[in-house]
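Asks: Hints given; two lone chains; assemble the complex.
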Amino acid sequence: MNIQSSDNIDSAGVDLPTENSREKEFEPVLIGFFCKWCTSAAADLAGTTRLQYPPNIRPIQVTCSSSVDPVYVIRALLSGADGVIVGGCPPGDCHYGSGNLIARRRLAVLKTTLKALGLDEDRVWVRWISAAEGPKFARTMREFTEAMKKKGPSPFKNSWSV
Amino acid sequence: MKSAWLEVKDGEIEASINLFLQKMLEEKLVDAVLVPAELPNKSDIAPTLITEPGILAQARPLAPVMPVSMARVVSRLTRVAPSQRKIAVLLRPCDLRSLVELVKLKQASLDNLLLISLDCYGTYSPADYREFCQDTPNPTDEFLRRVKDGDELNLREACQVCEYFVPQNADLVIGLLGVDVEKGVLLQAMTAQGEDVLAKLNLPGAEAEDRGAAIASLLAHRVESKERLFERVKKEMSGRDNLLDIFAACTSCYNCVEACPVCYCKECFLKSPAFEWEAEKYLDMAEKKGALRMPADTLLFHLTRLNHVGLSCTGCGLCQDACPSGIPLLPLFRHTGDEVQALFDYVPGRDLEEEPPLTMFDENELSWVG
Ligand code: SF4
Ligand code: SF4
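Protein sequence lines correspond, in order, to chains A and B. Counted the way this note's numbering counts, the first sequence spans residues 1 to 162. Counted the way this note's numbering counts, the second sequence spans residues 1001 to 1370.
Just chain B, with the same shape it has in the complex (with noise of 0.2 Å):
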């Protein structure tokens, strides 16, 4: 496949890639650009689906954070009908992992979109975004410096212990591991329709770099990170005392359930009435027990949550973010999802062809179960 080169002029990074955006709009490549965007308070930035092309110089695709799910934000602006029109969707490698489940789930649809996604050194939580933003005037250019000298930087649980840094599915890939971002940015084109693209750009073709090392190393790292969280998860949050000690703080919002890209139902059972009943009933529970917390079925939400969406979890940590109650949400999904996936060989957004697990079924299997 071929490769692009987005010339950096001045240092400034991300702006070679927002021009480079802005250009497909201009040239009527797109209909629409699909990116996160600095908001008009100039410190929050949120997912904006935009038109204009002067627009995209508010675009900050590089910006080290992930306030929302771009996955859930696709699903909402596809799922009643697919896109008439073209839109280039610019999102993170983990995000686009969770798109393919979505479209696997008949939750979105890929029709007419052009999918770029980048490189993900990873992303800080919003308020450690906000708090890095303060003292960082170029805050985006700044990161990816700070990040390839290789400085840690407070990055989120689920960023540290991610292997899956480098995309998959997309059409269109920034690459930024393995490249001088203060010469220039890559763009591999990974499909035909992302080929066509540069193609029709005419931008300047790149050599093509050997990046295996850069990315070796960099997930011979994160590897390492993710086996010392699972140990950590098997000594200190499992069984049930542990687990109980964890989710005594849960106060049943159910954030993490609006945050979760692959939480996708549309009713959630647990908040359903089958789990609802009358006084009596909650009396007899409690004298069963002599006490009964309230509301109940915490623990229960959560044993059920995990085994629902383990199989589909891309380990993407937002719910993790979005809990007031600072519950450690993701090593216990990261953890769990590994082992269920494990049991399928099955990696969630690897494959839009591979059916979720719980869709098929095999006479000869799983004989261990019963």
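The shape of chain A in the complex, shown without the other chains (with noise of 0.2 Å):
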């Protein structure tokens, strides 16, 4: 697959090696926004039980996953991200109590004003991974992986116009 020596993404300021092979399988280029009481957790643990999974996610932990502004899963995506997953913990399990479910409502909004737009929503995923799961971490991250790889390079990846 055909990949430029360009789409490394910049997004709350992460800097990311550049991909300069043009021969290389598409790696497409994953941000994750993972709530530090439960994702990101999970992510140490699939880390400290040597879980394998690929290295394509660049984490970025937020307090909780109502932190995240879909303002800034938009620039990830505007910015050549091939795909941002946010994880957060389980319904009814969230650190400050609903911040989740808040979460969910604002994505579900993100993700259908993405697809009115025409634009894939499906590079927008959103997972409940607890502290405890480790191998569930390991496992989305794969699939998240592989579905993107599918998918092949984002739309925006090139577009300098944004």
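In short, the hints are calculated from the structure, not lab data. Hints are supplied without guarantee of correctness; some may be wrong.
[Stated by the list, open to error] Cross-link-like lysine-lysine pairs, in silico, DSSO-like; alpha carbons within 27 Å at most:
no.: 1; chain 1: B; residue 1: 1235; chain 2: A; residue 2: 151
no.: 2; chain 1: B; residue 1: 1226; chain 2: A; residue 2: 149
no.: 3; chain 1: A; residue 1: 151; chain 2: B; residue 2: 1289
no.: 4; chain 1: A; residue 1: 157; chain 2: B; residue 2: 1104
no.: 5; chain 1: B; residue 1: 1271; chain 2: A; residue 2: 115
no.: 6; chain 1: A; residue 1: 157; chain 2: B; residue 2: 1002
no.: 7; chain 1: A; residue 1: 157; chain 2: B; residue 2: 1235
no.: 8; chain 1: B; residue 1: 1289; chain 2: A; residue 2: 150
no.: 9; chain 1: A; residue 1: 115; chain 2: B; residue 2: 1289
no.: 10; chain 1: A; residue 1: 115; chain 2: B; residue 2: 1106
For clarity, every value in this text was computed on a predicted model and none was experimentally measured.
Replies: This is the structure we're talking about:
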């Protein structure tokens, strides 16, 4: 698959390694916004228990899934990220009571907005992964990476007129 | 609820409404009337807070133009502190819905307001209205006659596709649809406060007219136009290429934000330093894609605004009127708005008691999200 030398993105100041081989299989650039109380902890657990998951995800720790303003998700997509995944505590288990339920409404609106505008809402995933679910974290990241690989590069990858 | 009849004399339809407003002020049922009025330059119309009954002769409650949002004006009037005195506010149905949204968002207060709205046949853009006035001596009444004859009259796109032309949440409704306006205008009380006004002014009662057929036929027409517009949005205005084409003309002037009644944030996130960087960062961004359009983040601004106001967008179209670049904002906002509102079966401005969807939640919902 054809990949460009410029598909690293800069959302939230993360510096990403530049892909520079045109021959390699397409490696999606994926951004994860993970709640520190659950999904981030699950990522750590996956790491310490040596569970394998693809390195495509650039994790960004957030205080709660409800602190992910859609503007940051949109910005990642327009900057050329191939997918964005938001990870929060399972409904009913929010550290702050109901942040994840508010986040779910917000992200439902975001996905619906993208769809209404003819943009690919399936490049935005939302998953509830508790601190104890290291294996689920690893599995979800594999699934997400595979799905985004199948989709191919984001149409915004080289759009400089955004 | 009761209805009164405002008799029309010498074919002067709007004057009959002004007379009623004047009477309310003279009898001290209200201390002021906030209504669109003709300015002393004799050509422009603006929301005007009138306390002197005589000046109500200049009121243009039916003028088919909406240069600014009356909902925004009411917010400006009542946000610092609710009104202590009684004010009658005359506004179009879309603006009334926007006002209800602003009240929910704690940006306006309805305390001591008497809300009067009207069956809305639609409005012109300010430029088209000026042109219409040039060759029409009595523009408002003439407009009503022509539109009642089924003339489409180049109305704003927002109005052509609006199915909320019968006011919701008004105390008094000026009924024009299905009414023979050469003879008189219907004044319907929708609340106890409205009834009180009719009773105190001792207005002649009106026969209950059957306006259902007139309303249904306009509704069918509007819904059909809306569906046609949505088809066009899906075909010609969506997807990356179309969106980039459409917003290529945007100069980031933010007029659309200033005009929008429900875009209420005091400080817009997108204008804040959160999206301002040092030159190095811009150069990095340019390098990644080979170039960077400046000022940066045009599409980010529009997608974020669509996402942010979609739930409360009343489809008034003021954003589109305000855009100096002629960007077709209304179709995009109307279509996106309809889709996100449907998620929660929410109609902005329908009911003051209905909480804005993003302020609440249900544990067992939206399982498709994730
Ligand atoms: S986005 Fe446009 S159509 Fe919607 S409420 Fe604001 S100004 Fe009106
Ligand atoms: S009014 Fe038009 S040009 Fe100005 S920011 Fe809005 S869309 Fe862009």
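Asks: Against this structure, judge whether each hint is valid.
Replies: Status of each hint after checking the structure:
The suggested pairing of residue 1235 (chain B) with residue 151 (chain A) holds, with an alpha-carbon distance near 22 Å, which does not exceed 27 Å. Restraint check: the Cα-Cα separation between residue 1226 (chain B) and residue 149 (chain A) comes to about 38 Å, which exceeds 27 Å; the hinted pair is violated. Among the hinted pairs, residue 151 (chain A) with residue 1289 (chain B) is consistent with the structure: their alpha-carbon atoms are about 20 Å apart, no more than 27 Å. Proposed proximity of residue 157 (chain A) and residue 1104 (chain B) is contradicted: the alpha carbons are some 40 Å apart, above 27 Å.
For the proposed pair residue 1271 (chain B) and residue 115 (chain A), the alpha carbon gap of about 26 Å is at most 27 Å, so the pair holds. Restraint check: the Cα-Cα separation between residue 157 (chain A) and residue 1002 (chain B) comes to about 62 Å, which exceeds 27 Å; the hinted pair is violated. Taken as a hint, the residue 157 (chain A) and residue 1235 (chain B) pair is honoured in the structure, with Cα atoms around 23 Å apart against an allowance of 27 Å. Simply put, residue 1289 (chain B) and residue 150 (chain A) have alpha-carbon atoms about 22 Å apart, close enough for the 27 Å limit, and the pair holds.
Proposed proximity of residue 115 (chain A) and residue 1289 (chain B) is supported: the alpha carbons are some 25 Å apart, at most 27 Å. For a cut-off of 27 Å, the pair hint linking residue 115 (chain A) to residue 1106 (chain B) is broken: about 30 Å separates their Cα positions.
Going down the numbered hints, you'll see the structure goes against 2, 4, 6, 10, while the others check out.
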